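Enquirer: If you want the building blocks of each chain, they are given just below.
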Amino acid sequence: MPVVELVRVTKAYENKVAVRDLSLSLEAGQMFGLLGPNGAGKTSSIRMMMGITLPDSGQVNLFGKPFERKSLERVGYLPEERGLYKKMKVLEQLVFFGELHGLTAGEARKRAADWAKRLEIDEALLKKTEELSKGMQQKIQFIAALLHDPDLIVMDEPFSGLDPVNAKLLEKTLLELKDQGKAIVFSTHRMDQVEKLCDSICLVDKGEAVLAGRMREIKSRYERNHVVVEFEGNDKFLTSPEIAEAKNFSGHAEIRLKQHGDAQKLLQEASAGATIYRFELVEPSLEEIFIWTVGGKADA
Amino acid sequence: MRNILLIARREYLEQVRGRAFRMTTIGLPAVFALILGVGYLSSLGLGANRHMAVAAPDAVLANAIRNQLVGDKEAKARIDVFVQPTEEQRAALVTQVHTDQLDGLLWVETSPGRIPTGTFVSQSSGDFITAARLKSALTHAVLDERLMGGGMKQGDADTLVDGVPLDTWQVKKDGSLVKTNAESSLWKGYVMALLLSMTTMIYGMNVARSIIQEKTSRIFEVMLAIAKPGDMLAGKLIGVGAVGLTQIAIWLAAGAVILFSPLAAAIMTGELAVHFTWTEAVLFPVYFVLGYLLYSSLFAGLAATCETEQELQMYMPLAAAPTWLSFALILLVINDSNSFWSVAASLFPPTAPVIMFLRMASEIPPAWQLALSIGLMVVSIWGVLWFSTRLYRVGILMYGKRATLPELMRWLRYS
Chain V
631 MPVVELVRVT
641 KAYENKVAVR
651 DLSLSLEAGQ
661 MFGLLGPNGA
671 GKTSSIRMMM
681 GITLPDSGQV
691 NLFGKPFERK
701 SLERVGYLPE
711 ERGLYKKMKV
721 LEQLVFFGEL
731 HGLTAGEARK
741 RAADWAKRLE
751 IDEALLKKTE
761 ELSKGMQQKI
771 QFIAALLHDP
781 DLIVMDEPFS
791 GLDPVNAKLL
801 EKTLLELKDQ
811 GKAIVFSTHR
821 MDQVEKLCDS
831 ICLVDKGEAV
841 LAGRMREIKS
851 RYERNHVVVE
861 FEGNDKFLTS
871 PEIAEAKNFS
881 GHAEIRLKQH
891 GDAQKLLQEA
901 SAGATIYRFE
911 LVEPSLEEIF
921 IWTVGGKADA
Chain E
15 MRNILLIARR
25 EYLEQVRGRA
35 FRMTTIGLPA
45 VFALILGVGY
55 LSSLGLGANR
65 HMAVAAPDAV
75 LANAIRNQLV
85 GDKEAKARID
95 VFVQPTEEQR
105 AALVTQVHTD
115 QLDGLLWVET
125 SPGRIPTGTF
135 VSQSSGDFIT
145 AARLKSALTH
155 AVLDERLMGG
165 GMKQGDADTL
175 VDGVPLDTWQ
185 VKKDGSLVKT
195 NAESSLWKGY
205 VMALLLSMTT
215 MIYGMNVARS
225 IIQEKTSRIF
235 EVMLAIAKPG
245 DMLAGKLIGV
255 GAVGLTQIAI
265 WLAAGAVILF
275 SPLAAAIMTG
285 ELAVHFTWTE
295 AVLFPVYFVL
305 GYLLYSSLFA
315 GLAATCETEQ
325 ELQMYMPLAA
335 APTWLSFALI
345 LLVINDSNSF
355 WSVAASLFPP
365 TAPVIMFLRM
375 ASEIPPAWQL
385 ALSIGLMVVS
395 IWGVLWFSTR
405 LYRVGILMYG
415 KRATLPELMR
425 WLRYS
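Protein chains in written order, with this note's numbering: chain V, 631 to 930; chain E, 15 to 429.
In isolation and in its complexed conformation, chain V is listed as follows (with noise of 0.2 angstroms):
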C-alpha cells in the first residue's frame, strides 16, 4: 500500500498551470527525491500533499485512503518557507507543536529533550527563538516536524540553509529513519543528495513529471559513456576524435564520449603522452540528466 500517492492531480492559479497530470507514489521505508527547476511546481505539489491546497483535478491518497485531515496526525512537515514563533522559548514551542500533533505536554517534553540531544542543539531549548541563528532554527523546525513520531516525512528543500556538518547530521537522520519504516519525500536542487539518499525520484518541469522512476533504472536508461580521469602530463588527448565534450580540471577530467565512442582507444590515447592514476568509465551523474532533461537535451 503506497503511503503517500498523488494520482493525475492537477492545480492552476488564475492562469499559471502549476502542476498538470502528476502523479507518483511511496511505500514505506523508502525515500523519494522530487526534483525541478525553480518555479517547476514542486512545492505546489508537496502542499498538495498535506492539503494545504486542493487539487483542482486528480486525487491524493494518504495511507491509502482518499486525503483527509485526520490522516495528517501521522505525517511530519517541514515546508520551503520556515517559520517559528519568534519570541516563544524553543521547548515550549516544541511543546505546542506537539500537543497539536496530538502528544500530551509531558510527552512532548520529553521528545523534544531527546531529539535535541541527539542533533546537538539541547543548550538552546529554554532559549527563545529569536536568539537562535537559521541554521539551529531549521534544526528546531526539523525537530517539530518529527515530534510526532510521524510515517510519511515530507520536506521541501530541507538541506537548504544548512552547513555541510549540519547537513550531513541532516542525511544521517533521514537514513536512520528511512531504515525505521518511515516514507520521506523531500524536494532538492542538491542531485549529490538525490543521489546518495533517494531510492525513486520524480523529475518536475513546467508542472510535469518530465523523468520518474527508481534511481537505479534512471540512470541505467543513460550509456555508461562517461569516463573520469586523473592524470599528469600532457593533456592532448582531450581533443580525440573519440570525445563529444571534456572538462578539464588541472589534472582531473570529465568526459563524455561520442556514441559509439571507444573508451579503450581513448585510454591508449591518453597513457602515450601522460601518466594515469584513474580511468574510469562511469554513468552520467543525476545532475547531468537533469540538465539534460530539463533543457530539453535528453541522451537517453
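Quick caveat, the hints were computed from the structure, so don't treat them as lab data. Bear in mind the structure is a predicted one, so any value in this text is a computation, not a measurement. A hint or two may mislead.
[Said to hold, decoys possible] Capping the alpha-carbon separation at 25 angstroms, the derived lysine-lysine pairs in PhoX-like fashion look like this:
| no. | chain 1 | residue 1 | chain 2 | residue 2 |
| --- | --- | --- | --- | --- |
| 1 | V | K716 | E | K242 |
| 2 | E | K87 | V | K700 |
| 3 | V | K695 | E | K242 |
| 4 | V | K836 | V | K798 |
| 5 | V | K747 | V | K716 |
[Said to hold, decoys possible] Estimated spans, in silico, between C-beta atoms of each pair:
| no. | chain 1 | residue 1 | chain 2 | residue 2 | range |
| --- | --- | --- | --- | --- | --- |
| 6 | E | A342 | V | K757 | 17 to 25 angstroms |
| 7 | E | W265 | V | D779 | 22 to 30 angstroms |
| 8 | V | A735 | E | L266 | 25 to 33 angstroms |
C-beta atoms are modelled at their ideal positions from N, C-alpha and C, and glycine is treated no differently.
Following the hints, complete the assembly by docking chain E onto the known chain V.
Expert: Just chain E now, with coordinates in the frame of chain V:
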C-alpha cells in the same frame, strides 16, 4: 476543539507575558488618571489670585461687584474699588495693568433707564476664566440691585440670581420614581462607551497585528499542516479576546478596590454621583465580547489581505468608522434614549455596543431590544467570520503581492 484551545492558550500566554500587556494594563488607567488629574490640578489655579480694579459711577454697584468677586472662594481675588472715576484715573489704571501692577480693570458705565455695561481690560486676551467671573459678578450685582430696588429681600434676590433649584426624577418601568442626575448619566455613559470601544479596537487590532506578524514569520504553512484555517482563526480570536477580558477584569478589580475607598465614597455622594446597576455590570463584558468578535473578525480578514502593518493601518480608520459614528451620536442618544434613531443605532451591530451603553446610562432599554441587539450582533459576527475565514485561508499563503478587489472576490469563491 482541542487544537482551537491549544492555539488560544498559546496566543493568550504570549500576549499576557508580553511587555505590552503589562504596560497597557497599568499604563492605560494611569494615563487616564494622569490626564484627569493634571486637568483638575491645573484648573484649580486658573484665574485665581488676581489683583483687580473695579471702577463704577455707583458705590453700591461697585461694592456689590466687589462682594461677589471676593465671595467666590476659588477666585481668591484682591479687589480695589474706584467710585465715580475720572478719565485720568481710567488712564492711570490702564497704565497699571500695562505695567503689571494690576491684573485687570473692570470699568462699569451706567446711564439712567439702561442696563449697565462693563469693559474688561487686561494684558491677556485669552483670560476667559477671569472674564467669565467678572461677567457673572456684574450680572449678579445688577440683578440684586434691580430686584432689591423692586422691594425684594436680599436673601430671596440672591437665591433667584443663583438659579432656582431643579431636581430631575425618572419614572421607572414599575412606576417608581428615582432621583437622577443628567450630567452624571452623560459622563457614566460616555466613559463606559469609551472604555468599551477602546478595548474592542485595541484587541481587534491585536488580532490583526498578530496575523500580519505570523504572515511575515511564515509560520502559517507549518500551522496549516496541523490545524484547519478556521481553527487557527478561532483560536486566535479566543486567545486574544481572553487577554482583553483579563485586562478588563484587572481594571474592574482595581476599580472595585477604589470604589470601597474613602476617596470613592466622597465622589459617589457628590453632585456627580455615579451608580452602576447589575445589568450594566453583566452586559459590559457581553458587549465587549460581541463587539470584539465583530471587529476582530473584520480586522482578521483585512489583515490576511495585507502584507505589512503599515498597509493594514491605512485601512483601519475605515474599518473603525462605525465606532466614530457611535460617538457622533452621543448627544442624540443621551438627549432621548428612546427615539427612533437611538433605538435603531443600538440595534445596528457595528454601533450597537457603544450606543447601547449610552442608552443604558439614561435608562435600561427593554429586554426585547437588548435581546434583539445581541441576536443581530451574533448573526453579524457569523456573517463576518464566514467572509473573513475565506479571506484568511487563502490570504495567509499569499506573500509578496497586494490583493486586488477581483482577487479578493476569487478568494471568496475558492473555498
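Enquirer: Given the proposed pairing of K747(V) with K716(V), does the C-alpha separation stay at or below 25 angstroms?
Expert: holds (21 angstroms)
Enquirer: Take the C-beta atom of A735(V) and the C-beta atom of L266(E), compute their distance, and say whether it sits inside 25 to 33 angstroms.
Expert: With Cβ atoms ~32 angstroms apart, the hint holds.
Enquirer: Would the pair K87(E) and K700(V) pass a check requiring their Cα atoms to be no farther apart than 25 angstroms?
Expert: It is violated: about 78 angstroms lies between the C-alpha atoms, which goes past 25 angstroms.
Enquirer: K695(V) and K242(E) were given as a pair; does the straight-line alpha-carbon distance stay at or below 25 angstroms?
Expert: Distance ~19 angstroms between K695(V) and K242(E) Cα, so the pair holds.
Enquirer: That 22 to 30 angstroms hint for W265(E) and D779(V) (C-beta), does it hold up?
Expert: violated (46 angstroms)
Enquirer: Run the distance test for K836(V) versus K798(V): straight-line Cα separation, threshold 25 angstroms.
Expert: Not OK: K836(V) and K798(V) at ~31 angstroms, beyond 25 angstroms, violated.
Enquirer: Within 17 to 25 angstroms: is that where the Cβ-Cβ distance between A342(E) and K757(V) falls?
Expert: violated (50 angstroms)
Enquirer: Compare the distance between the alpha carbons of K716(V) and K242(E) with 25 angstroms, and conclude whether the hinted pair is satisfied.
Expert: holds (22 angstroms)
The structure fails hints 2, 4, 6 and 7 (numbered hints given earlier, in ascending order).
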